[in-house]
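Let's have the full structure, built from the sequences with the hints guiding it.
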Amino acid sequence: MKDKEQNRHIYWNPYFGGFLLGLLIIFTFYITGRGLGASGAMKSSVVTIVDDVSHEHAKQSAYYSKFVDGDKNPMNNWIVFETLGVLIGAFISGGLAGRIGWRVQHSPKITRRRRLIFAFSGGILFGLGAQIARGCTSGAALSGMAVLSTGGFITMLAIFGSGYLFAYFFRKNWI
Amino acid sequence: MGPLIPNGFIPFEWSSIIAIVIGIFFGFILEASGFSSSRKLAGVFYGYDFAVLKVFFTAAITSLIGLFYMDYLGYVDMSSLYVHPTYLWGAIIGGAIMGIGFVTGGFCPGTSLSAVAIGKIDAIVNVLGIMVGIFIFSELYTLFEPLYNGYFQGNVTLVDSLGINKYWFVFILTVVAIIMFAASDMIRKRVKKVFY
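Residue numbers (the working numbering), protein chains in the order written: chain A, 1 to 175; chain B, 1001 to 1196.
Just so you know, the hints here were simulated from the structure itself, not pulled from any lab data. Backbone N, C-alpha and C fix where the C-beta goes; we use that ideal spot for every residue, glycine too. Be careful, since some hints might not be right.
What the hints assert, rightly or not - DSS-like cross-link-like pairs, simulated, lysine-lysine; straight-line CA separation at most 30 Å:
hint	chain 1	residue 1	chain 2	residue 2
1	B	K1192	A	K172
2	B	K1192	A	K109
3	A	K109	B	K1166
4	A	K109	B	K1189
Stated by the list, open to error - FRET-style restraints, in silico, Cβ to Cβ:
hint	chain 1	residue 1	chain 2	residue 2	range
5	B	W1168	A	Q60	28 to 38 Å
6	A	S65	B	V1159	29 to 39 Å
7	A	S65	B	F1169	34 to 44 Å
8	B	W1014	A	L165	36 to 46 Å
Rendered as structure tokens:
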């Protein structure tokens, strides 16, 4: 019974969370003219790391050079600050609800090691896909849908469509 | 008058501060809605928890209706808002790869960050994976470039692509979402409970 209680009451009602997220998207567009994002900050970090390791390589690469030309600093970017905020905001929420702590969350049927391997490979795929589609679930799909962007809707359908298509093969990790 | 920063109502120097504040709310909402749990997120694909679907579509519809009202009342000029560009096959293939990444890793970048903030080690590993994925893309950029820069349709909206009335579209999307919410509750009742 304790588990059941947790499932039901520990988080916000999803419609309430969705409504607030919708208001936040409106506010973000109203202030900045753009939507929310998340993968952009990770791209900035990758570019910065590569640029620090080898500036020559970054300058010559067709992709990195777009972000490090001249005195451009990839970390001085709207989305990097927004992501810092995400970390702070999630930390506050987790702190208020007593959810902070070092742990690996996984189904009792799989090992911790298996969960970490799959989390890592899933990340690689997500990073690759987000670059190809020029944005992730927040930047392309959610913020795109808010202004009826065709690309945003296509990305959203592709993410959920392929998620359902491939869910069967990964079921042992989750259920 | 909106958007405020591009139209000069708020000085550009404020944008970093505003970005942090918006991010704080974004992270708070994600975490409080349970998106810091990969098992809750993955539930949408196995029918034991539809929080992703509910939060995602409620947010999309709220923002669409709100922005259209603000446009109608003259508070914001919708035509000056940034529309994500449509690169047809990039959006399809990139989205499909992200979908596999979602069922494999259980996170997407935003939710992963909100889980990192509360100490989930699987989320930290996931973020490192995302960065490796971006690194692979960047190093093999010439290979991906035809897909990345090809099939460009412009910064189009569904109104341009399908020639539909935007107000009717939002109305129909809302009805579809309500049907999906009701159907998801029915499915969840039939699926074996998963506790996490």
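Name the hints, by number, that the structure is in violation of. 3, 5
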